[in-house]
Amino acid sequence: MTFLEHLNQSDEARMIHDTAARWAGGIADEAVRASNGFSPDRWAEMAQMGWLGILAGEDQGGLGMGAAEAATLAGAMGGAKLPEPFIASAVVAAGALTRLPGAATNTLLADIAAGQVIAAPAGFGLPCDSDAPCPTATADGDALVVTGEVALCEAGPATGVFLLRTGGAETCLVLLDRDAPGLEVTPYRAVDGRHLARLVLTQVRVPAGAILGRGAGAVAALTHAEALAVAALCADTVGTMDRALALTAAYLNEREQFGRKLASFQALRHLTADMMVEVEFARSMADLAAFGADGIEAPGELLDRARARVCRAAKLVGETSIQLHGGMGMTDEMAIGHYFRRLIFLQAMMGQEAGALRRRAATLAEEIELQREVAQ
Amino acid sequence: MTDHPKRGSQSPADHIDLLLDDDLRVFRHGVRAFLSEAVPTETRTRVDNGYVPAKPEIVAFLRKLASRGWVAPGWPREHGGPGWTQLQRFVFNLELARSGAPAVPPFGTSMVGPVIYTFGTDDQKARYLPGILSGEEFWCQGFSEPGAGSDLANLRTRAEDRGDHYLLNGQKIWTSKAQYADRIFLLARTDDGERKQHGISFFVLDMDTPGIEVKPIISIDMNHSLNEVFFTDVKIPRDGLVGERGKGWNYAKFLLGNERTGITNVGRCRNQIERLKRLARARGLASDGAFLTELARVEADLTAMEITEIRLLSAGPGAPSALTGPSILKLQSAQIQQTLQAMIVSALGPMAAARGKEFESAFEDLDGLSPGFFDGAVGEYLFGRAASIYGGTNQIQRDILAKMALDGRA
Ligand SMILES: Cc1cc2nc3c(=O)[nH]c(=O)nc-3n(C[C@H](O)[C@H](O)[C@H](O)COP(=O)(O)OP(=O)(O)OC[C@H]3O[C@@H](n4cnc5c(N)ncnc54)[C@H](O)[C@@H]3O)c2cc1C
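Here the protein sequences line up with chains A and B, keeping their order.
My numbering puts the first residue of the first sequence at 11, with every later residue one more than the last.
My numbering puts the first residue of the second sequence at 1112, with every later residue one more than the last.
Calculated from the structure, these hints are not laboratory results.
C-beta atoms are modelled at their ideal positions from N, C-alpha and C, and glycine is treated no differently.
Just so you know, not all the hints are guaranteed correct.
Stated by the list, open to error - Away from chain A, derived, C-beta distances all over 12 Å, residues of chain B:
1) D1125
2) E1153
3) R1238
4) S1255
5) G1304
6) S1336
7) N1361
8) A1430
9) L1434
10) I1439
11) M1462
12) I1500
As the list claims (entries may be wrong) - Calculated lysine to any residue pairs in the SDA-like style (CA-CA distance at most 20 Å, straight line):
13) B:K1236 <-> B:D1134
14) B:K1514 <-> A:E194
15) B:K1468 <-> A:E194
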């Protein structure tokens, strides 16, 4: 598929988009607040609509679609600021599993698609930082013994399994049950209220059957999952920003000071226009990321660029939308603050703008060095 | 824990010292020595991490300040202040913030106090000033209303003259710390003037007066510092009126001018730079050229703000810059504070996603920093958005400056 074809969504993709937008648009702000980080009912609805199996093959109980459709769903969920771990379980973990063929993964993908199992990626994807250290595995017969820590994992009380990246002699992807002996799960919360956890592993035994990928196979699955993570996070961010911008525009058109609508003050009009520019640039980068995740051999650098640009947009749009709300923007009662906090969460998951640019800064330095050698 | 700031008294000479004469340098070191004793380590750490201390911690510290007569550094000697020069006050505020002391609540010392000793009666001075100076009585500011934010003169709260008292009805919003204030100063309409600014009067009132109801507002950092305050048939005794009836707008302008210069927070910004250095070491940013350049830039910005503050302060109240200065400082200080907060959050990397009590107890430390460093930094970034909103928003400050620059008038 070319990028232009990618932009002209298939009918199927458009249908998913419309359905998701309608569904998410019907979820009231109060309902999201009341769910305290996770709603089993919403999760069941997502499963019913097939969304939790968006990436799984049809024989694995899924819809067999790609990054673009997954990103579309993530965007809709951003717009409704849903706290459920859709990206974690249905996109990143499931995405890695689709590249790890085997009977165990087929069953797991089907369970994830059905909403019966929630899987959390640990040590990759969320946050996008697979260069970070991860728990170390040592061989014990055909099993592995894993020790180490994952400081931040998007997992809550409903999370059943962890898909863990391990280092050591070779990179592996292993499946851990939540109650695996030696695994300590300490829950905490994200800035936007969703569930996170710290994992501490002390001599956790992983039987051969739970080692889902090793070496090159595991690395390829991880790379794919990371690309999906970037695509979904970018789309979620765009959905979140779209809504933040809409709420801000509505507020400016409603609130009056000095006997005029705030929307009539040029300073505020210009700030709103700046936000709009950011959202459109971010939308382009989100499209690029989704295309890259499915259609480009080694999209790494483009994905870095996408998440960096989307992070910058998120910061500006989040901060400006609060500013334009004045004191009201500072309250937990107004929805705008929740969108702002979600944008903070998403930037952190994307590694922050500066983090996303670091790799490129290093290769740029090399390129410049190389040019000097050529010139000499 | 490794993220304790070093005690201030050992800090080496800095560029501020270069600007001070010997007397001021000695003064500065005296203040520093006192503060390093007066601020408990636990308070210092919490404040350094970006948390606002609880009232008892603040009271305890104010008591120590009061023992030296330093609660209200800006007040002249005749009203119980230390009678310091502008530069002494600058140095004192700098050291105060750098020491990790709880911020001195501005409502009594910088806001209502000067209004009372400038425009109040002898009775009012005798009744209200001692409680402020001793740090025992807390005040809150009842200016903003739901319909009167940037357009403050649009306020609707009414105080009707009933002979021996004024009858107050209406609502205030965004009233910081009203939940533990003993008294409130407020603006209310007593008469209908030709212009909205006319007919507004300035009152002081005890918070336990019947008919006052305080409702909390939880802010985006999930804390409670803001409130709504409702007045239903509240009787303000006649001597609750400050200055002349109908002249409240002038007193409010006088007060807001003080508020805007009082909030540059240079000392806190200096601490934030130290925090960024610690964070950079912990997170391996010491060789990140972009990060270092940004840090160097914000240091230069901060120096420019410090020098501007000193320059404007020394120009005195009659100088032309007295009109533009407060807005310039307010804009720049909001900008610098917010830049520093955002830089810290960015440097936290992915862990900027985490917040709350459970997070704080989930880790002993992260890269050698306490989880409180992380949680506090995100909270401060969130609440820090208010720096460009309260005390006149950035847009309003720019309007003030543009009027001076383009229309040649204030
Ligand atoms: C944390 C915090 C603490 C506070 N504490 C107190 C307190 O203790 N006591 C108290 O009385 N008040 C307090 N305030 C209130 C504060 O002074 C007001 O929030 C502020 O004046 C802005 O008013 P508003 O919130 O109604 O916003 P609005 O005035 O509604 O402003 C909304 C947006 O419109 C913009 N805007 C408004 N007018 C114009 C214009 N003419 N041109 C261009 N842009 C414009 C503003 O800049 C802002 O971006 C506090 C506020 C905050 C956030």
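Each hint, compared with the structure:
Under the 12 Å C-beta cut-off, the non-interface status given to D1125 of chain B relative to chain A holds; the minimum distance is some 28 Å. With a closest Cβ-Cβ approach of about 23 Å to chain A, E1153 of chain B is found to remain outside the 12 Å limit, as its non-interface label requires. Taking the minimum C-beta to C-beta distance to chain A, about 31 Å, the non-interface status of R1238 of chain B holds against the 12 Å cut. With a least CB separation of 7 Å from chain A, S1255 of chain B falls inside the 12 Å interface cut-off, contrary to its annotation.
With a least beta-carbon separation of about 16 Å from chain A, G1304 of chain B lies farther than 12 Å from that chain, consistent with its non-interface assignment. Under the 12 Å C-beta cut-off, the non-interface status given to S1336 of chain B relative to chain A is violated; the minimum distance is some 10 Å. Residue-level check passed: N1361 of chain B sits 20 Å from the nearest beta carbon of chain A, beyond 12 Å. Chain A leaves A1430 of chain B outside its interface by the beta-carbon criterion, the shortest separation being 28 Å against a cut-off of 12 Å.
No beta-carbon of chain A is positioned within 12 Å of the beta-carbon of L1434 of chain B; the least distance is around 20 Å. Separation of I1439 of chain B from chain A is adequate, the least Cβ-Cβ distance of about 17 Å exceeding the 12 Å criterion. With a closest Cβ-Cβ approach of about 6 Å to chain A, M1462 of chain B is found to fall inside the 12 Å limit, against its non-interface label. Once the 12 Å rule is applied to beta carbons, I1500 of chain B is inconsistent with being away from chain A; the minimum gap is 6 Å.
Distance check on the hinted pair: K1236 of chain B and D1134 of chain B sit about 32 Å apart at the alpha-carbon level, beyond 20 Å; violated. For the suggested pair K1514 of chain B and E194 of chain A, the alpha carbons sit about 62 Å apart, so the restraint of at most 20 Å is broken. With a C-alpha separation of about 18 Å, the suggested pairing of K1468 of chain B with E194 of chain A holds against the 20 Å cut-off.
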